[in-house]
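J.: If you want the building blocks of each chain, they are given just below.
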Amino acid sequence: AQKITQTQPGMFVQEKEAVTLDCTYDTSDPSYGLFWYKQPSSGEMIFLIYQGSYDQQNATEGRYSLNFQKARKSANLVISASHLGDSAMYFCAMREYGGYQKVTFGTGTKLQVIP
Amino acid sequence: EAQVTQNPRYLITVTGKKLTVTCSQNMNHEYMSWYRQDPGLGLRQIYYSMNVEVTDKGDVPEGYKVSRKEKRNFPLILESPSPNQTSLYFCASSLSLIQAYEQYFGPGTRLTVT
Numbered sequence: 001a002q003k004i005t006q007t008q009p010g011m012f013v014q015e016k017e018a019v020t021l022d023c024t025y026d027t028s029d030p031s032y033g034l035f036w037y038k039q040p041s042s043g044e045m046i047f048l049i050y051q052g053s054y055d056q057q058n059a060t061e062g063r064y065s066l067n068f069q070k071a072r073k074s075a076n077l078v079i080s081a082s083h084l085g086d087s088a089m090y091f092c093a094m095r096e097y098g099g100y101q102k103v104t105f106g107t108g109t110k111l112q113v114i115p
Numbered sequence: 001e002a003q004v005t006q007n008p009r010y011l012i013t014v015t016g017k018k019l020t021v022t023c024s025q026n027m028n029h030e031y032m033s034w035y036r037q038d039p040g041l042g043l044r045q046i047y048y049s050m051n052v053e054v055t056d057k058g059d060v061p062e063g064y065k066v067s068r069k070e071k072r073n074f075p076l077i078l079e080s081p082s083p084n085q086t087s088l089y090f091c092a093s094s095l096s097l098i099q100a101y102e103q104y105f106g107p108g109t110r111l112t113v114t
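Taken in sequence, the protein lines are chains H and S. All the letters of the first sequence, read from the start, carry residue numbers 1 to 115 under the numbering used here. All the letters of the second sequence, read from the start, carry residue numbers 1 to 114 under the numbering used here.
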């Protein structure tokens, strides 16, 4: 069974600093995708970044990068130069492509950016 | 505008009164899914659909039904709601099962069952 673990329920970061949000996963499917979503206090889910299990390079999208360590089964999100608008819940998710098309989310990390 | 719409956005109902939450997408997406979000539990998948007439259970399907008669619509049905189904519900869609497309989420439906 697939599983996603986010061990940081809450984090603080100073404005303009970088922050890493942890995500580990467990799957026996060799083909899978890892996603990060942001949920601000307004409630909508916003896609941030994607990493495929066969991708050779770590994904980057603007200030977001994904530190993908396949052997350790971790897919940490790095936000560089945090600003106040980054305060939100962040969810890691995984989708297996080999069989069932289920999607599993982690429990989320609440990030608060301090001025 | 490409979007996923859900209705209603807010609903307060009583135990046992059947309800349907509608979900519609205008992006011709194959994959659609329903999630519930509860504090401390993240999002949990209820049902998903890989195409018209193809649906499958997620991790928490008990007490819910779905149907996919048209590609654009994926309603969530609660035949006999109970208080433990009080939650925030999200519908989502993505272009393809095969490729790594992200899901687009609806705005959410906050359901309270008394």
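Source of the hints: derived by calculation from the structure; they are not laboratory data. A few of these clues could be false.
Said to hold, decoys possible - Only some residues are given here: those of chain S computed to face chain H with a beta carbon under 10 Å:
#, residue
1, Pro8
2, Gly40
3, Lys57
4, Glu62
5, Tyr64
6, Lys65
7, Glu79
8, Pro83
9, Thr86
10, Phe90
11, Ser94
Computed from a predicted model, the values in this text were never measured in an experiment. Each residue gets a CB set at the ideal place from its N, CA and C atoms; glycine is no exception.
J.: For each hint, tell me whether it holds in the structure or not.
T.: Each hint, compared with the structure:
1. At its closest, the beta carbon of proline 8 of chain S sits 15 Å from a beta carbon of chain H; the interface hint therefore is violated under the 10 Å criterion.
2. Because the beta carbon of glycine 40 of chain S sits about 6 Å from the nearest beta carbon in chain H, less than 10 Å, this interface hint is met.
3. For lysine 57 of chain S, the interface hint holds, since its Cβ comes within 10 Å of a Cβ in chain H; the closest pair sits about 9 Å apart.
4. The beta carbon of glutamate 62 of chain S comes no nearer than 16 Å to any beta carbon in chain H, farther than 10 Å, and the hint placing it at the interface is violated.
5. With a least beta-carbon distance of about 15 Å to chain H, the hint placing tyrosine 64 of chain S at the interface is violated under the 10 Å criterion.
6. Restraint check, lysine 65 of chain S versus chain H: the minimum CB separation of about 18 Å is more than 10 Å; hint violated.
7. With 10 Å as the threshold, the beta carbon of glutamate 79 of chain S stays out of range of chain H, its nearest partner Cβ sitting at about 23 Å, so the hint is violated.
8. The beta carbon of proline 83 of chain S comes no nearer than 22 Å to any beta carbon in chain H, farther than 10 Å, and the hint placing it at the interface is violated.
9. Given the 10 Å rule on beta carbons, the hint for threonine 86 of chain S is violated: about 16 Å separates it from the nearest Cβ of chain H.
10. Given hint, phenylalanine 90 of chain S at the interface with chain H, holds; its Cβ is 6 Å from that chain's nearest Cβ, closer than 10 Å.
11. A least Cβ separation of about 9 Å between serine 94 of chain S and chain H falls short of the 10 Å threshold, and the interface hint therefore holds.
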